[in-house]
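Modelling step: build the complete structure from the supplied sequences, incorporating the hints.
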Amino acid sequence: MRIAKVVGVTVSTIKDEKLQGRKLLVVRETDETGELYGKPMVAVDTLDAGVGELVLVAQGSAARQTSMTDKSPVDTVIMAIIDSLEVDGRVTFRKA
Amino acid sequence: MRIAKVVGVTVSTIKDEKLQGRKLLVVRETDETGELYGKPMVAVDTLDAGVGELVLVAQGSAARQTSMTDKSPVDTVIMAIIDSLEVDGRVTFRKA
Amino acid sequence: MRIAKVVGVTVSTIKDEKLQGRKLLVVRETDETGELYGKPMVAVDTLDAGVGELVLVAQGSAARQTSMTDKSPVDTVIMAIIDSLEVDGRVTFRKA
Amino acid sequence: MRIAKVVGVTVSTIKDEKLQGRKLLVVRETDETGELYGKPMVAVDTLDAGVGELVLVAQGSAARQTSMTDKSPVDTVIMAIIDSLEVDGRVTFRKA
Amino acid sequence: MRIAKVVGVTVSTIKDEKLQGRKLLVVRETDETGELYGKPMVAVDTLDAGVGELVLVAQGSAARQTSMTDKSPVDTVIMAIIDSLEVDGRVTFRKA
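Chains as they are written, first to last, in the working numbering: chain A, 8 to 103; chain B, 8 to 103; chain C, 8 to 103; chain D, 8 to 103; chain E, 8 to 103.
Among the hints, erroneous ones may be present.
If chains are identical, the list can't say which one is meant, so a pair holds when it fits in one copy or spans any two.
Said to hold, decoys possible - Calculated pairs, BS3-like style, for lysine-lysine (alpha carbon to alpha carbon, straight line, at most 30 Å):
hint : residue 1 : residue 2
1    : K25       : K102
2    : K102      : K78
3    : K30       : K102
4    : K30       : K46
5    : K30       : K78
6    : K12       : K102
7    : K102      : K46
Note that these hints are calculated values from the structure, not bench results.
This is the structure:
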């Protein structure tokens, strides 16, 4: 999984029928401190994550292994909200 | 999913039989403002998207999770047309 | 899918039994004008594509969604031969 | 598979129900000597790997092919702990 | 598929039970002449490939489509040993 930060939201009226009612969040990957890198991606939110939170995103067919995304045309899902990260024996991120 | 802009069309007579009648659009990934980056890709259009529109594309096996692409040899599908994007509390893109 | 050009062929005697009789072409990705970029890949040819032609390749599990590649250990397949590409209202490639 | 080093741990209270009780380790890819490169990823640990160990991670749908990850929304799993690596006839890494 | 060269071996005692007895080779991608690029990867060998040989590797779910890897947590498999490559009408690689 990739560490990512929720940075925004997507509004879309015309979309695949299986996506009706799904929350599509804009996320960007981060390193272990929450520092952003890379281009924005859009992930289905299954956990009511908020803008500013650090999350884990699963990509590929893994994104369909939740009750909200089963059989949907989606390739990225938020499947965990991060409380804290510890790297090299040091807490590098802690949720405010 | 990736944010992408529809930039063109592909014409192909000789193709896998399951692709007969499918619209194959040329898309390029964009950032949250619609700024293009990366090389062109080709996506199956399931939503009658038009050239110039910002869309979401799902890649990998997700691309086969629509009624138009089921069991087809395709790895990229347009599954949403974007109305607007809001990042960092600011509207970064709004459909004309 | 990616736009690619067929640039060569692979000869292999020792291979997975499901690949017996399959044509393994060397391809390289191109932009919308046919300009090559990136490293060579090898794709199963299901359409009798010729060296020099521009094609679409599907990657991942999509590569097994043809009658010639079903259940084979292959991750890249040629599933369309491109006649022409039109980007930004301009024909950027037309088959000779 | 990719060679990776376990560099830390992820704490997450709110996560997909199928991830309850799973250990989510922070890993970074390495070369054949254990030299780190790239950004951190998070992998499900199925082998009780420890921080500092070199492991193999499988990505994509392969990550669900263990009894601990079956049908879970995960895309990266630790499926081997590396004892040693030999490249070009030379031992490039040996577990302490 | 990617063209790769077998450059070494991985020794691992603690691994997923489905990998018992499997040969895990270190490979690096090459261009059409056998020139190495990129970082090392680890692939399951299903063809008794030797160090120094040029092979084709299939990645993703394709890696499980052999009798030796079925339902295993592996994402990279060697599914062909290359005899020769011809690119742009010229033999760029021939097995010694």
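Violated hints, by number in ascending order, as checked against the structure: When the structure is compared with the hints, none of them turns out to be violated.
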